[in-house]
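**Student:** Spelled out, the chains give:
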Amino acid sequence: MEGLDLRIDAGERVLLLGASGAGKSTLLQGLAGLLGGSDEGDQRGELTLDGVSAAGLRGRAGLLLQDPDAQIVLARVGDDVAFGPENLGVAREEIWPLVVEALDAVGLDLPLDHSTSALSGGQKQRLALAGIIAMRPGLVLLDEPTANLDPDGVREVVDAIERMLARTGATLVVVEHRVATWLPIVDRVVVLAAGGGVLADGAPADVLGSAADSLVEAGVWVPGRATRFTPLRSRSDLEVMRAIDLAVGRGTRIVQSGIDLRLAAGSALCITGPNGAGKSTAALALGGLLPPLGGEVQVGEALAARGERRPIRWSSRELITRIGSVFQDPEHQFVAPTVRAELAIGPTAAGLGARDVDARIDPLLDALRLRAIERANPFTLSGGEKRRLSVATALAAGPSVLILDEPTFGQDARTWAELVRLLRGLQEQGTALIAVTHDQDFVDAVATDRLELHPLPVESVA
Amino acid sequence: MTSSTALLAPARLRPVNPLAKLGAAVLVSGPLILTIDWVSAAVALVLVLAVVPFMGVGWRRFWIRTLPVWVAAPLAGISVLLYGRTEGTVYVEWLLVRVSDGSIALAVATLLRVLAIGVPAVVLFISIDPTDLADGLAQRLRLPARFVLGALAGLRLVGLFLEDWRSLELARRARGIADRGRVRRFAGMAFSLLVLSIRRGSKLAVGMEARAFGGSERRTWARASPFGGREFALLAVGAAISTIAVTAAVLTGEWNFIGAR
Numbered sequence: 012m013e014g015l016d017l018r019i020d021a022g023e024r025v026l027l028l029g030a031s032g033a034g035k036s037t038l039l040q041g042l043a044g045l046l047g048g049s050d051e052g053d054q055r056g057e058l059t060l061d062g063v064s065a066a067g068l069r070g071r072a073g074l075l076l077q078d079p080d081a082q083i084v085l086a087r088v089g090d091d092v093a094f095g096p097e098n099l100g101v102a103r104e105e106i107w108p109l110v111v112e113a114l115d116a117v118g119l120d121l122p123l124d125h126s127t128s129a130l131s132g133g134q135k136q137r138l139a140l141a142g143i144i145a146m147r148p149g150l151v152l153l154d155e156p157t158a159n160l161d162p163d164g165v166r167e168v169v170d171a172i173e174r175m176l177a178r179t180g181a182t183l184v185v186v187e188h189r190v191a192t193w194l195p196i197v198d199r200v201v202v203l204a205a206g207g208g209v210l211a212d213g214a215p216a217d218v219l220g221s222a223a224d225s226l227v228e229a230g231v232w233v234p235g236r237a238t239r240f241t242p243l244r245s246r247s248d249l250e251v252m253r254a255i256d257l258a259v260g261r262g263t264r265i266v267q268s269g270i271d272l273r274l275a276a277g278s279a280l281c282i283t284g285p286n287g288a289g290k291s292t293a294a295l296a297l298g299g300l301l302p303p304l305g306g307e308v309q310v311g312e313a314l315a316a317r318g319e320r321r322p323i324r325w326s327s328r329e330l331i332t333r334i335g336s337v338f339q340d341p342e343h344q345f346v347a348p349t350v351r352a353e354l355a356i357g358p359t360a361a362g363l364g365a366r367d368v369d370a371r372i373d374p375l376l377d378a379l380r381l382r383a384i385e386r387a388n389p390f391t392l393s394g395g396e397k398r399r400l401s402v403a404t405a406l407a408a409g410p411s412v413l414i415l416d417e418p419t420f421g422q423d424a425r426t427w428a429e430l431v432r433l434l435r436g437l438q439e440q441g442t443a444l445i446a447v448t449h450d451q452d453f454v455d456a457v458a459t460d461r462l463e464l465h466p467l468p469v470e471s472v473a
Numbered sequence: 322m323t324s325s326t327a328l329l330a331p332a333r334l335r336p337v338n339p340l341a342k343l344g345a346a347v348l349v350s351g352p353l354i355l356t357i358d359w360v361s362a363a364v365a366l367v368l369v370l371a372v373v374p375f376m377g378v379g380w381r382r383f384w385i386r387t388l389p390v391w392v393a394a395p396l397a398g399i400s401v402l403l404y405g406r407t408e409g410t411v412y413v414e415w416l417l418v419r420v421s422d423g424s425i426a427l428a429v430a431t432l433l434r435v436l437a438i439g440v441p442a443v444v445l446f447i448s449i450d451p452t453d454l455a456d457g458l459a460q461r462l463r464l465p466a467r468f469v470l471g472a473l474a475g476l477r478l479v480g481l482f483l484e485d486w487r488s489l490e491l492a493r494r495a496r497g498i499a500d501r502g503r504v505r506r507f508a509g510m511a512f513s514l515l516v517l518s519i520r521r522g523s524k525l526a527v528g529m530e531a532r533a534f535g536g537s538e539r540r541t542w543a544r545a546s547p548f549g550g551r552e553f554a555l556l557a558v559g560a561a562i563s564t565i566a567v568t569a570a571v572l573t574g575e576w577n578f579i580g581a582r
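Quick note, the sequences are listed as chains A and B, same order.
For the first sequence, the working numbering gives the first residue as 12, with consecutive numbering after it.
For the second sequence, the working numbering gives the first residue as 322, with consecutive numbering after it.
Hints were generated in silico from the structure; no laboratory data involved.
A hint or two may mislead.
To be verified - To give an idea of the interface, some chain A residues facing chain B are shown, with a C-beta separation under 8 Å as derived from the structure:
| id | residue |
| --- | --- |
| 1 | Ala-43 |
| 2 | Ala-81 |
| 3 | Asp-90 |
| 4 | Val-101 |
| 5 | Ser-126 |
| 6 | Leu-300 |
| 7 | Thr-391 |
| 8 | Ser-393 |
C-beta: ideal position from N, C-alpha, C; glycine also.
Chain A on its own, in the form it takes in the complex (with noise of 0.2 Å):
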């Protein structure tokens, strides 16, 4: 980014909106003293907090960051809060009125040895704000805190930074593609340009109604300005895919069971519930990667494989061709070092030969823009291209099922309406989906069966 100006006064609340790359999350390390030195890059001008130089100022600016992993340092809650003043030098008896306080403010009421690995995603993401508040900083920081969080997370956190500003008075930065979430509360919006400086800035709805279009071809969520889909309805009643009675989970514990679903081709399953229900162990299980714990799954007569319909019993090479998986963390399933050998690995694990491996890769390197792409190593994509590259993947196989666990987790507009339409137009070629989502445009764009998945009350061992 260069060429930006701006000011942002004491006690602001500031949206800050741009196409990815634009340099929204450089700017915000920036204001919080991250940036190092010229051996880390290139920088002219000057960015100043309070009239200091912002470079090396530790804690006056507190960051929240999208990967609630990422934030949290130790083991216990009330030791992680008191991370931060430890680190500023706060004398040992001022320390723990502070933990006691931010964790108030945050609204986590849990005993300070409580093991931080054991909290959901929407309350670490709130101690790693309590984290930030107990180093009573003048300046929040927020680079996309919900996007990994299901809709009671998200929830969660926009209360608690809500009422953490209502008691600190503290000036507010925020990232964030999903404009809705945050416009209660902001009250000015800056859009980034992507070739530098500022493309819009002012109050909320003005700069909503008068950058509209640009902020939607960046890919930014504008209220009211969303692509609009229906379902599809499934013309067929092939089954391909049948459960019943499926008990699910990791080892021997079961976290979800009494699953029963037909899935006939062309048709859209999907699987949402809180966190904890077991969803995406359902998936896997759905999709032959992990044995169910009870019950069955069995595909339809046309699917079998030397005449075996269960899945699980299927060879991976076999598995492949007939159910394909998309994990939510794209990174877990790359295995080449380009895009193009990425997506020839199925097709030629499925014994296809060279030139028909390249009749299948083409193609979907066109569909899913990954053309100008194709010789770059995955891992360093960008979050949408993993994604796109991720269900690519899956489907150079060739496919009849296709399964997605969150598909569209921290996608912006643009890429989540690239994927929607590719899914409608799987479907409309006789491909079944089942899905694992909190996204609820999501399921209201593509579904033609839905199944609310529930935590079970006890723990049960098999």
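Chain B: place on chain A using the hints.
**Tutor:** Below, chain B without anything else, positioned relative to chain A:
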């Protein structure tokens, strides 16, 4: 609210400083490493077992956690029995195997020694809380805070690595490459895990810096790391066990300094 312990666990007895446990383990096992005789090891083992009830580790937990040691010790003993130094009467001879008076004595000594060193180490270490140990290392031994806290934060990532590894395994099956090439697949997964962990590590480093870690200010510590009577008592018990064990070995004439024969 003057100390974290008062706040964290008003009813619980303050746990012994992990540094003292570390020290006691060194005191017990140190002298035992220097000799290979059965007397010192047997005496130390008996004394250790006599002390276990006072260590606050229930018997059930004791047996579960020390089980690997009880399994490893006979295995070590058997291999010494079969292949150890030949001396005196030879009882069995077959290929390289030679069971003799010498190898029997050595096998018994080895078995007892593994137990005498392993059991107290496990008992002392199972109750060590990493955070408390870090506090002790930084505040009492004055190790650099940057190093100690970095390691402590890294330790928390280990659980995430285990989850990553499980996902990587399932992902291989989902990609169609889990049927063969086990070694190559393992290497690939190890590499992916390395990439993921470097990424997690650098994210965590940014998160820690954002909390003012590594700044120029002098760091304070929210938790005290007390080292008092109980700690010295534990060290004394450790020293007593090894002293009695060594004295017994010397008095019975069994003491043999390693490398002396």
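**Student:** Determine for every hint whether it applies to the structure shown.
**Tutor:** Each hint tested on the structure:
The beta carbon of Ala-43 (chain A) comes within 6 Å of a beta carbon in chain B, closer than 8 Å, and the hint placing it at the interface holds. Interface hint at Ala-81 (chain A): satisfied, since its Cβ lies 4 Å from the closest Cβ of chain B, which is below the 8 Å cut-off. This hint holds: Asp-90 (chain A) has a C-beta 6 Å from the nearest C-beta of chain B, less than the 8 Å allowed. Satisfaction of the interface hint for Val-101 (chain A) is found here, the shortest Cβ-Cβ separation to chain B being roughly 6 Å, below the 8 Å cut-off.
About 10 Å separates the beta-carbon of Ser-126 (chain A) from the nearest beta-carbon of chain B, more than 8 Å, and the hint is not met. A distance limit of 8 Å between C-beta atoms decides the matter here; for Leu-300 (chain A) the minimum to chain B is near 5 Å, and the interface restraint holds. Because the smallest distance between the Cβ of Thr-391 (chain A) and any Cβ of chain B comes to about 11 Å, over 8 Å, the interface hint for this residue is violated. Interface hint at Ser-393 (chain A): violated, since its Cβ lies 14 Å from the closest Cβ of chain B, which is beyond the 8 Å cut-off.
The structure fails hints 5, 7, 8 (numbered hints given earlier, in ascending order).
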